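Read off the chains here:
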Amino acid sequence: MRISAALTLALSVSALHAGFFQSDDKVSNVKCVYSGTEGHCVEPVLKSGKELVITVLGQGVAPSVTASPAQAYALAKRAAIADGYRQIAERVRGVQVEGQDSIKNMMLQQSSTRTSVEAVVRGANVMNTTFKEGLCEVEMEIALSYTQFAQ
Amino acid sequence: MRSRNGNRPILYAICAVTSAFSLLADDYLIGYRLTTRNAQSIQESLDISKAMMPCPQKHRSPLTLKRDNNESIETLLIRDRTAFIEYASSQVMQLKSDQTIVGTNIKSLQILTLPTRCYAVEFNDDFVTISLLE
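Protein sequence lines correspond, in order, to chains A and B.
Using our numbering, count along the first sequence one by one with no gaps and you end on 138.
Using our numbering, count along the second sequence one by one with no gaps and you end on 339.
Keep in mind the hints are simulated off the structure, nothing from the lab.
Remember, it's a predicted structure, so these values are computed and weren't measured experimentally.
Incorrect hints may have been included.
To be verified - Pairs of lysine-lysine residues, derived as DSBU-like cross-links and limited to a Cα-Cα distance of at most 35 Å, are as follows:
no., chain 1, residue 1, chain 2, residue 2
1, B, Lys255, B, Lys271
2, B, Lys301, B, Lys255
3, B, Lys271, B, Lys301
4, A, Lys34, B, Lys301
5, A, Lys119, B, Lys271
6, A, Lys91, B, Lys301
7, B, Lys312, B, Lys301
8, A, Lys119, B, Lys301
Work out the full structure, taking the sequences as your base and the hints as a guide.
Here is the structure:
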């Protein structure tokens, strides 16, 4: 009897050591996303089972010469949607920035900055539209889930 | 609970409706491109063509548009372009954006492209249903 109890205890200790009876907290630990060269552990923004909703406000202006108010509204809305897509792409994918400064005789002659983004956006929706004094604003939303990126 | 034979007419009716829908609907290739400069639309083009190759047969939820006097799909989509773009853009949209800041002068250019895809268009007397095919 004593031998079997000792054997059970020894097996339990070895099993614990091997990690068979790990607590749920350890199993559900998320993988770290390492950013840059510093190697700090950064938790991923998207977590399984949770949706990340990004909301942006796109703005568009009606052209000064249009055939009708309806056309002005339609064109301003399209420009606003394009702006909304740009903002979504910039927030999800990131933006590429290039800067150039020209210096002559120790004085800044010209400074220019160029930002660009190129992306394919899937599943963005227009939630709300307002049009006031030639300015159209559209509220756009995109829901990101872990499963979309886990493949 | 009906017998197996009793259910046959219902099954035949479902098959007939499904096959009629697939036979009546025409497949079209539709693409769209919008260029905006400094937050103003400067150019947009909607390209419509009848599909010359078989399209996929999986229908997405359809968009219904009002049709007047036997309008063609081209006329109808030009009139109701906004509704169609909102329907189609909820799937996939390609974006290319450039913004240049020189001193206090800001210039932006965005090109929004709806990739050319297959749509099943079913014409009725006073309405048209358009479904994306995948």
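Checked hints:
1. At most 35 Å may separate the alpha-carbon atoms for a hinted pair to count; Lys255/B and Lys271/B meet this at roughly 20 Å.
2. A distance of roughly 28 Å separates the Cα atoms of Lys301/B and Lys255/B; the hinted pair therefore holds under the 35 Å criterion.
3. A C-alpha spacing of about 33 Å is found between Lys271/B and Lys301/B, which places the hinted pair at or below 35 Å, so the restraint holds.
4. In summary, the hint linking Lys34/A to Lys301/B is supported, as the alpha carbons are separated by about 29 Å, within the 35 Å threshold.
5. Taking the CA atoms of Lys119/A and Lys271/B, the gap is about 28 Å. The hint holds against a cut of 35 Å.
6. For the proposed pair Lys91/A and Lys301/B, the alpha carbon gap of about 34 Å is at most 35 Å, so the pair holds.
7. Of the pairs offered as hints, the one joining Lys312/B and Lys301/B holds, with about 14 Å between alpha carbons and a cut-off of 35 Å not exceeded.
8. For the given pair, Lys119/A sits about 27 Å from Lys301/B by alpha-carbon distance, which is consistent with the 35 Å threshold.
The structure agrees with every numbered hint stated previously.
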